[in-house]
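K.L.:
Below, each chain spelled out in residue letters.
Number of protein chains: 2
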Amino acid sequence: MFVPKKKFNHQKGRYAEKVSTSNRVGLEEDFPEFDAFTDAPTARAPTPADATLSVQKVDMCQQINKPQHRTGAYTTPNLVVRRCQEFRVKVTFNRPLVQSDDFQLEFLIGDYPSPSRGSMVVVTFNSRVGGPWTGRIVDSQGVTVTLGITPTAGAIVGRFRTYVAIVMGTGMQRTPRNATTDLYVLFNAWCRDDDVFLPNERERNEYVLNDHGVMYQGSSEYVNFKDWVYGQFERGILDACIYILDAAKMPIGDRGDIIKMVRVGAAMINSQDDNGVCVGNWSNDYSMGRSPTSWTGSVQILLQYAQSGVPVSFAQCWVFAGVFNTFLRALGIPARTITNFNSAHDSNGNLKTDLIFLPDGSPDTVNTRDSIWNYHCWNEVFMRRYDLPSGFGGWQAVDSTPQETSDGYYRCGPASIVGIKEGWIYHSYDARFVFSEVNSDIIFSKRDRYGTLTPYRVERDYIGKAIYTKSLGSNSPVNITQKYKYPIGSAEDNRTMARADEYGLQRDQSELPENTLSVIITASQVNLGQDVIVQVDFNNQSNIPTTIKANLTGSVIFYTGIRANHLKNHNFTITVPANQRKSEIVKIPADEYIHLLVTQRCLHFVVSGQAEDEAVTAIKVLMLQIPTLTLTLSGLPKVKQEMFAKVTFTNPFNFALKACSLSMEGAGVMHEKTHFYRVIEPQASISWKESFNPQRAGKRCLVAVMDCSNLCELRGVASVDITP
Amino acid sequence: MFVPKKKFNHQKGRYAEKVSTSNRVGLEEDFPEFDAFTDAPTARAPTPADATLSVQKVDMCQQINKPQHRTGAYTTPNLVVRRCQEFRVKVTFNRPLVQSDDFQLEFLIGDYPSPSRGSMVVVTFNSRVGGPWTGRIVDSQGVTVTLGITPTAGAIVGRFRTYVAIVMGTGMQRTPRNATTDLYVLFNAWCRDDDVFLPNERERNEYVLNDHGVMYQGSSEYVNFKDWVYGQFERGILDACIYILDAAKMPIGDRGDIIKMVRVGAAMINSQDDNGVCVGNWSNDYSMGRSPTSWTGSVQILLQYAQSGVPVSFAQCWVFAGVFNTFLRALGIPARTITNFNSAHDSNGNLKTDLIFLPDGSPDTVNTRDSIWNYHCWNEVFMRRYDLPSGFGGWQAVDSTPQETSDGYYRCGPASIVGIKEGWIYHSYDARFVFSEVNSDIIFSKRDRYGTLTPYRVERDYIGKAIYTKSLGSNSPVNITQKYKYPIGSAEDNRTMARADEYGLQRDQSELPENTLSVIITASQVNLGQDVIVQVDFNNQSNIPTTIKANLTGSVIFYTGIRANHLKNHNFTITVPANQRKSEIVKIPADEYIHLLVTQRCLHFVVSGQAEDEAVTAIKVLMLQIPTLTLTLSGLPKVKQEMFAKVTFTNPFNFALKACSLSMEGAGVMHEKTHFYRVIEPQASISWKESFNPQRAGKRCLVAVMDCSNLCELRGVASVDITP
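Residue numbers (this note's numbering), protein chains in the order written: chain G, 1 to 724; chain S, 1 to 724.
Don't read these hints as lab results, they were simulated from the structure. Predicted model, so just to flag it, every value in this text is computed and none were measured. A hint or two may mislead.
A pair holds if it fits inside one copy or across any two, identical chains being indistinguishable in the list.
[Said to hold, decoys possible] Listed below are the simulated EDC-like cross-link pairs for lysine to aspartate or glutamate, each with C-alpha atoms no more than 20 Å apart in a straight line: (1) Lys699 x Asp531; (2) Lys646 x Asp721; (3) Lys421 x Asp387; (4) Lys446 x Asp35.
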């Protein structure tokens, strides 16, 4: 682990020096092995005698504790338990205990542990007061005593050191520091008293224990699946997550508080402000690091960060969400990633997304500042909200993608989903921002020759079109839009919007002309390399024919809605008979767009039509599809047996793929492996076979991703049931 | 002004590139002087003819506008106005206007001004739609037209560029860029529609227009006055405040929003995270910069920051509060500094301040992590809270002193003072933190020989003892404690505490034994160099004599309550007869403490007494007083006449003062001047006379401060009425 250098201490006169903000191992100075009572000035260590009680062995009972605490999957030599649930420790003494013996267990975390901070816990097994964790003697067999210890529901989460101390005359005799008895304490979604209690077992299995997941991309009409290896149980990941808290200099005493933990996590997963985990990059130039599309999961990122202490390059929203999800689940916090299709990022936070058009109907790219992301991924965390009035617990939105518009700082949430649905936008934290991401209106305005804007159309149901998360136990998405909002126009929705208005939402109130004309764009879903057909349908609902001056503008965009390249500008005039529809069809040959594509292979069309006294506009986003990698598994699917994964791919395009990096990974089955191809000619095939030994039983997934310099994110996935 | 270098643009694919975050002058590319209409493809500039309207002169009418907008004090060649109040512009044309003439005024701010952001405002004077600022023709005399322009109540605050554009055939003919017609628009506390509307004229004069103030230090029993030159009207300060917003990369479109402005300000006044204005330093080692106690006001700090772009060293809370106050008032926002005596900074945010004692009664400095600041200064801002339910407007706490415990980031507020008083601690922003600063309980605990803590006493009325701010029109403090809280134990206070508990306050609920024994410490106020007499009074209210084992510990502390040096440990046993008092008197000769002092000259005593079955504790903080500088003024007190300021001082101590830096400054009268003395021997005198020319009339103050390497902050102040 990277240890930050000590800086000049400007704070010397501000803090009692010893506030611990580190849970790293190896630098602690705990109590001496013989610790004389300060109220017994002549104390000295007693001379050992046969009758003197001493500790022979401390056994953390991993085989008993792990299944009960559902922590067997963590790849670490130390015991991992969940708080507010009893775990066992077996202590073997040199002789059977007698009535007068007095001993205690001590659990210490961080430097300078203190009972007033919960970072030094004394567990007693007789009438002497200890606490706040409770202890009991479960069983006593000869010289071996089995102890039951229950951490409190608010216990600090992290790595504790375990000591046994025996009261002995004028002092305490302690066991020496022994790293193998160190103990990780996690949040506990199974415990009713824990702030992260989640009542449903299937949900706990998915949101705490599943180390593989899927994020959804593309558009609400044509969803792309992105498998993601969360890998929260892989070797080093739990330590890396604790390292993140250390890098944030989070006081040890705060690490039992779910809200503080989540907020520190949200701030630390991005590198802004605080040298956090991931560096955001939306430039299409990733030469200084690894492309955001090339990752197979969170594991490499977290390990690299913890080893180097330097932010990892590069991430976009799904990477931030994936890594944050790993962080949360690793610490025992129920969490999931969600995708909001058509996510508003209004640059001035006025809850209106302004799209501006020139007098001729073409988009005014100079004056349009807001963008609509095709999709945006963030996280949800399940928790009690002790800080809010009742009724706002449950799922909370948190977002670690850096967003300048969220109050200037680079984190967001937790914001109660119920609160967002009901319009309580002034609740902590950042509810207003999340509300606008799913509820903004799009205002279409014309900019006249004098520079004045006139709104002519408001679209209320484009933003937050659909919100998806992975369903329980399967890879298909479940639509949770109704958790965030009521149906548009319903009485409940009107109540929510009225409430949000009351707290300064400033929704658009423009009075707009009634329309008799409408327009829609459709484009057939095609593969990259095929021609694109765009159809514009005008519908004239009036009783007189209408002549429309229209403009169709095509662009290649980033998934953030920002134009990467201009593709096409097509002006046309069309006359629609009374009460009829009429179409204009525009064909874009593959040759015309293929050299303009960027990372996301996303085309964006906007049509504006100006009739004599009304204007209409429609938008269409089209994701070009690409083939998948073929990933096949062979061999005996059994723990620790050798198996093989084979990736094959044939380049179907009429251009060569260059500088192709192919990676494979699977949680509990294979660490990331990477293979590099300088060039894959048109119609050429590649095939790569790797052996691996599954480490854990159950349904396991492998993910393969290939990123080339001129085409990114060819994906493949395979799953297999591993028997124990 | 410092211009930040462009970094590699990771955000290219995230934002339409042209989001303006800069209000700096000289780099704008506005419209061309002849701007053809885009819907008139064959447009070209018309050939000038006698009959063609053109602009001869634009007069910003400073003599009329300044007094009406109360902005005459700003030392800038440009017009400064307050928004949502009409100002005048006189335009002189080449000929009288006729019916068919069409012209408009354009006010542009930042790069890439846009009407949808409010950063390009078109003001029309006929029926043609412009907006959102309104315009009218006030008067038309021959070729000169007097125009009245009213910015909206939500107008962007900053420096606008002014253009006159004439509609001319196929395009617009504009006046060329002319920096002398640039216009500063500020918040307007005089305007009912502005979110910073403050109804009372005396309050507006103090909280917006007063450029000199006083902050209070020391203790609630013995208040020290610290005069501070806010200097918001001095040359360059308004530009420096706008530069701070630019350095924060605050979007121009957000700069009309009071909450966003205040939050950006709170984040930027400290240097953490964002390379803001002031570097905090509580180390007692200020060799890398200027000592926090050596500043006379905000002006030097802001000018140095704006010129270098580099954070200024060094600040402690009153410096942050002073500079923040200047920033707020300069922008027209009603603001004041306040002092909270005995301010809690509990390091784990549990709203309990834990003081821990060893079995022998002496403070357990190893395990005590919380501290109580003797005082802490922050700011209040007066504003509407459009984002909260009604009733929470008015004064809001904001704090730019970096506070690690405030949610991990370095800013705090705005938090409604009414909300804090009523216990609505979940309201935005940081209400919980401010609540704890004024309401924490002190928990006195004994740490037993086994490491277990037992609370034995809770003090509920020590923290937030008194909250002071400067009174209107005078330098004496006014106690505003009742604005923050109800009397302890009142029904209203109980309601507030119950409400705060409901939202997760976690107040201490320990059941404590009833006491019959009490103790207080008193210490007579003395000057530095005199012996200190500490008196400890035990009061035994029981009917039997009590023998007490007691410990008195004395320390030198920083104003943050942190121990700088150990001074004394005095153990004694005292027997107090039934129903009587008994005292122990301890004398500390000057020689014993003088070599241990640090910046704040603050002694801290704590006494603990242990009787058979109860324990008592008391705390006393003693500020040693020092002499003042003598500051006398002479000469004719009239604007632009020469006057003289003379500082004299005789060293009364028996040690030499070394490396003494003496500074003088007065808002509107004298820029900071500094004089250096290598050594001032015991009983030696210094005298320094400086000439100055007052720039502004009215009651003006001069402040002198002398900081030596071994004694800091000898202060002097003088005031004078300057006639116009």
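K.L.:
Would you mind marking each hint as holding or not holding in the structure?
P.N.:
Here is how each hint holds up against the structure:
With identical chains, the CA atoms of Lys699 and Asp531 are never at most 20 Å apart, being 40 Å at best within one copy and 79 Å at best between copies. Proximity of Lys646 and Asp721 under a CA criterion of 20 Å is satisfied intra-copy only: 17 Å inside one chain copy versus 89 Å between copies. In this assembly of identical chains, Lys421 and Asp387 lie within 20 Å of each other by CA distance both inside one copy and across copies; the values are 18 Å within and 17 Å between. In the homo-oligomer, the alpha carbons of Lys446 and Asp35 lie at most 20 Å apart only across protomers (18 Å), although the nearest pairing inside one protomer, at 79 Å, exceeds that limit.
Consistency with the previously given hints fails for number 1 only.
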